[in-house]
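Asker: Spelled out from the first residue to the last, the chains are:
2 protein chains.
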Amino acid sequence: MARRTGRRPGNPGTREAILAAAREAFAERGFDAASIRTIATAAGVDPALVHHYFGTKEELFRATVSIPVDPAELLPGVLAGGRDEVGARLVRTFLAVWDSPVGTAAVALLRSAVSNEWTARLLREFLVTQVLRRVLDHLDLDPAELPLRGALVGTQMAGLAMMRYVIRLEPVASADPDTLVAAVGPTIQRYVTGDLGPTTRRSVTGDPRG
Amino acid sequence: MARRTGRRPGNPGTREAILAAAREAFAERGFDAASIRTIATAAGVDPALVHHYFGTKEELFRATVSIPVDPAELLPGVLAGGRDEVGARLVRTFLAVWDSPVGTAAVALLRSAVSNEWTARLLREFLVTQVLRRVLDHLDLDPAELPLRGALVGTQMAGLAMMRYVIRLEPVASADPDTLVAAVGPTIQRYVTGDLGPTTRRSVTGDPRG
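Line by line, the protein sequences give chains U and P.
Each residue of the first sequence is one higher than the one before, counting from 1 in my numbering.
Each residue of the second sequence is one higher than the one before, counting from 211 in my numbering.
Just so you know, not all the hints are guaranteed correct.
[Stated by the list, open to error] Take a look, some chain U residues computed to stay more than 12 Å from chain P by CB distance:
(1) Arg15
(2) Ile36
(3) Leu148
[Said to hold, decoys possible] So the derived label-pair ranges between C-beta atoms look like this:
(4) U:Ser174 with P:Pro408: 11 to 21 Å
(5) P:Asp352 with U:Ser35: 48 to 58 Å
(6) P:Thr314 with U:Arg83: 50 to 60 Å
(7) U:Gly44 with P:Pro408: 40 to 50 Å
(8) P:Pro381 with U:Ala80: 27 to 37 Å
(9) U:Asp70 with P:Pro222: 20 to 30 Å
(10) P:Pro222 with U:Arg83: 20 to 30 Å
(11) P:Thr248 with U:Glu59: 38 to 48 Å
(12) U:Pro198 with P:Pro278: 53 to 63 Å
(13) U:Ala96 with P:Pro381: 21 to 31 Å
(14) U:Asp70 with P:Val312: 15 to 25 Å
(15) P:Thr248 with U:Arg168: 30 to 40 Å
(16) P:Asp294 with U:Thr56: 44 to 54 Å
(17) P:Pro408 with U:Asn11: 55 to 65 Å
These are calculated hints, taken from the structure and not from any lab test.
Everything numeric in this text was worked out from a predicted model, so none of it was measured.
Built from N, CA and C at the ideal position, the CB exists for glycine as well.
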């Protein structure tokens with residue numbers, strides 16, 4: 001934080017310029033390849049100012065997708081019961097976040113991702129690098145299967161959010177968390193640690209019943 | 211089709227007026243309570259003209275949500291293997307429709323439902339009355355459990371569509387149908403015929419681990 005640009009730190013234009021450059025970098029290059037330095041250059045500011053406003057790269061990324069929850073803080077709770085409970089705990093944690101006041105921002109993000117390719121890319125990148133990868137990395141799974149397992153978890157979680165909070169399909173929209181944890185937890189558990197069928201382990205020549 | 215109003219049958223304004231009245235009726239009153247007669251009255255036309263343009267009430271409903279596929283025609287294929295194969299067949303049929311040229315309209319409907327409460331109501335009503343109810347009615351299940359089972363199927367199918375066709379999360383976006391049928395079929399099978407946990411059968415006092 002030694003150097004400062006000539007801009008005033010409180011300038012809302014500077015903050016917005018950094019956010020815009022970060023959105024573009026994360027959406028176009030992905031979280032891993034984007035750097036604070038290139039984002040700062042694109043925004044015309046010193047990298048130290050980016051850190052000053054937004055903290056770490058992870059925090060800057062969460063700011064670009066307007067997610068006020070840090071997945072890293074939720075992770076210990078999800079993993080506390082070990083591999084065999086990760087499905088139920090992931091659903092319970094997910095519902096606790098979306099049912100809380102923070103859920104409004106999450107619903108807005110989901111709506112935006114569906115109508116806007118830019119936000120869709122950011123959400124996809126966020127899901128993969130900040131949520132799914134972190135959970136799956138702790139579970140000693142076959143690395144070759146991680147992308148499919150993570151994406152399948154994403155399908156069920158996104159659909160649960162869609163139906164409960166956006167489309168509001170009953171009885172899922174009003175169901176208590178226990179009901180949904182019991183119903184959906186085993187799905188997530190199987191996607192994370194279970195058998196996903198022969199096609200995930202070897203190529204097949206097509207299902208003649210199809 | 212004996213009587214005709216004074217309007218020209220080819221008048222695009224008439225067709226649009228009927229569609230607008232139908233959308234409002236289906237979204238506000240639901241598919242079961244809405245009638246061709248009240249829709250015709252609201253549109254200022256004779257009921258026969260509604261039938262002339264759109265056919266049955268089911269066909270009119272599909273026109274309001276721009277779905278060019280008749281779920282009733284797909285039903286025999288889904289049910290052909292009996293109860294034990296309904297999960298895999300539902301996923302395979304779903305993917306065949308969405309992967310086809312018709313899928314473009316389905317993606318547009320999904321996008322619209324997320325950003326528009328009106329379309330969300332229509333999609334919800336369509337899912338329940340035209341898709342889920344028809345499948346579940348043929349499977350000899352406990353009627354008390356049907357709404358939850360149907361809605362859970364809806365969560366997984368909506369999330370699969372979101373991630374494969376809208377957010378385009380890999381490897382689900384590019385996976386061949388066999389892989390997804392093997393991975394997601396058992397989820398749907400359990401939601402339709404399997405055990406959904408104690409909370410679906412009796413009230414519970416909360417999970418102390420939550």
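Asker: Using the beta carbons of Ser174 (chain U) and Pro408 (chain P), state whether their distance is inside 11 to 21 Å or not.
Answerer: holds (19 Å)
Asker: Taking 20 to 30 Å as the hint, is the beta-carbon distance of Asp70 (chain U) and Pro222 (chain P) inside that range?
Answerer: violated (53 Å)
Asker: Is 20 to 30 Å a correct range for the gap between the Cβ atoms of Pro222 (chain P) and Arg83 (chain U)?
Answerer: violated (60 Å)
Asker: Would you say the C-beta atoms of Pro408 (chain P) and Asn11 (chain U) sit inside 55 to 65 Å of each other?
Answerer: holds (57 Å)
Asker: Could you check the hint for me, namely that Asp294 (chain P) and Thr56 (chain U) are 44 to 54 Å apart, CB to CB?
Answerer: holds (50 Å)
Asker: Range first: 40 to 50 Å. Now tell me if the beta carbons of Gly44 (chain U) and Pro408 (chain P) are that far apart.
Answerer: violated (59 Å)
Asker: Confirm or reject the claim that Asp352 (chain P) and Ser35 (chain U) have a C-beta distance inside 48 to 58 Å.
Answerer: Since Asp352 (chain P) and Ser35 (chain U) have Cβ atoms about 56 Å apart, the given range 48 to 58 Å holds.
Asker: Is the nearest CB of chain P more than 12 Å from the CB of Arg15 (chain U)?
Answerer: Holds, since 27 Å exceeds 12 Å.
Asker: Is the gap between the beta carbons of Pro198 (chain U) and Pro278 (chain P) within 53 to 63 Å?
Answerer: Given a distance of about 34 Å, which is not inside 53 to 63 Å, the answer is violated.
Asker: Within 27 to 37 Å: is that where the Cβ-Cβ distance between Pro381 (chain P) and Ala80 (chain U) falls?
Answerer: Given a distance of about 29 Å, which is inside 27 to 37 Å, the answer is holds.
Asker: Taking the Cβ atom of Thr248 (chain P) and the Cβ atom of Glu59 (chain U), is their distance within the range 38 to 48 Å?
Answerer: Violated - the Cβ-Cβ distance for Thr248 (chain P) and Glu59 (chain U), about 55 Å, lies outside 38 to 48 Å.
Asker: Holds or violated: the 50 to 60 Å window for the beta-carbon distance between Thr314 (chain P) and Arg83 (chain U)?
Answerer: The hinted range 50 to 60 Å is violated for Thr314 (chain P) and Arg83 (chain U), with Cβ atoms some 40 Å apart.
Going through the hint list in order, the structure does not satisfy hints 3, 6, 7, 9, 10, 11, 12, 14, 15.
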